[in-house]
Amino acid sequence: MMNRRYLYGIETGIFKTIYARSGFLLDIAGSRYEWTVGAGLSLFNHFKCDYSVIISPVGFFSCIDGEGASAVRHGQWRLSFTYSGFGNWKNSDFRWWRSSD
880 MMNRRYLYGI
890 ETGIFKTIYA
900 RSGFLLDIAG
910 SRYEWTVGAG
920 LSLFNHFKCD
930 YSVIISPVGF
940 FSCIDGEGAS
950 AVRHGQWRLS
960 FTYSGFGNWK
970 NSDFRWWRSS
980 D
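Using the working numbering, you'd call the opening residue of the sequence shown number 880 and step up by one each time.
Don't read these hints as lab results, they were simulated from the structure. Keep in mind the model is a prediction, meaning the values are calculated, not measured. Mixed in with the good hints there might be a few duds.
[Stated by the list, open to error] Across the chosen pairs, the derived CB separations fall in these ranges:
1) 957 / 884: 17 to 25 Å
2) 963 / 906: 13 to 21 Å
3) 930 / 887: 19 to 27 Å
4) 918 / 887: 12 to 20 Å
5) 957 / 893: 15 to 23 Å
6) 968 / 898: 15 to 23 Å
7) 890 / 952: 33 to 41 Å
8) 970 / 944: 50 to 58 Å
9) 882 / 929: 23 to 31 Å
10) 955 / 889: 17 to 25 Å
11) 882 / 965: 38 to 46 Å
12) 897 / 955: 22 to 30 Å
13) 952 / 882: 13 to 21 Å
14) 967 / 944: 45 to 53 Å
Glycine residues also receive a C-beta, built at the ideal position from the N, C-alpha and C atoms.
Take the sequences, apply the hints, and build the full model.
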């Protein structure tokens, strides 16, 4: 049995504010095959909100090992809020929608 894990992902952003991301987890030894999609929001370079959901129904990626995913994490979601840089504000933080100064 192969003990390998492959992770692939892509992310794109608009005006350093709105982000969309997607990725695959292929864990052959653990029979975990998951597709994750998510979105993020960043304001003032200090506040961030991220959401993602795992799509992995029964039999997902069955072409790899014949059985595919067990769906144990199918529909699992994550929501996070982050605040960073407390007290370290700059004038450019109030122009967060610009791609450069």
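Comparing the hints with the structure gives:
1. 957 / 884: 17 to 25 Å: Holds: the Cβ-Cβ distance is about 19 Å, inside 17 to 25 Å.
2. 963 / 906: 13 to 21 Å: At 31 Å between Cβs, range violated.
3. 930 / 887: 19 to 27 Å: Since the Cβ atoms of residue 930 and residue 887 sit about 20 Å apart, the hinted range of 19 to 27 Å holds.
4. 918 / 887: 12 to 20 Å: Roughly 18 Å apart at Cβ, these two residues keep to the hinted range, so it holds.
5. 957 / 893: 15 to 23 Å: 21 Å, holds
6. 968 / 898: 15 to 23 Å: Given a distance of about 22 Å, which is inside 15 to 23 Å, the answer is holds.
7. 890 / 952: 33 to 41 Å: Since residue 890 and residue 952 have Cβ atoms about 21 Å apart, the given range 33 to 41 Å is violated.
8. 970 / 944: 50 to 58 Å: With a Cβ separation near 55 Å, residue 970 and residue 944 satisfy 50 to 58 Å, so the hint holds.
9. 882 / 929: 23 to 31 Å: Given a distance of about 30 Å, which is inside 23 to 31 Å, the answer is holds.
10. 955 / 889: 17 to 25 Å: 20 Å, holds
11. 882 / 965: 38 to 46 Å: About 42 Å separates the Cβ atoms of residue 882 and residue 965, which means 38 to 46 Å holds.
12. 897 / 955: 22 to 30 Å: 23 Å, holds
13. 952 / 882: 13 to 21 Å: 20 Å, holds
14. 967 / 944: 45 to 53 Å: Holds: the Cβ-Cβ distance is about 49 Å, inside 45 to 53 Å.
When held up to the earlier numbered hints, the structure conflicts with 2 and 7 and fits the remainder.
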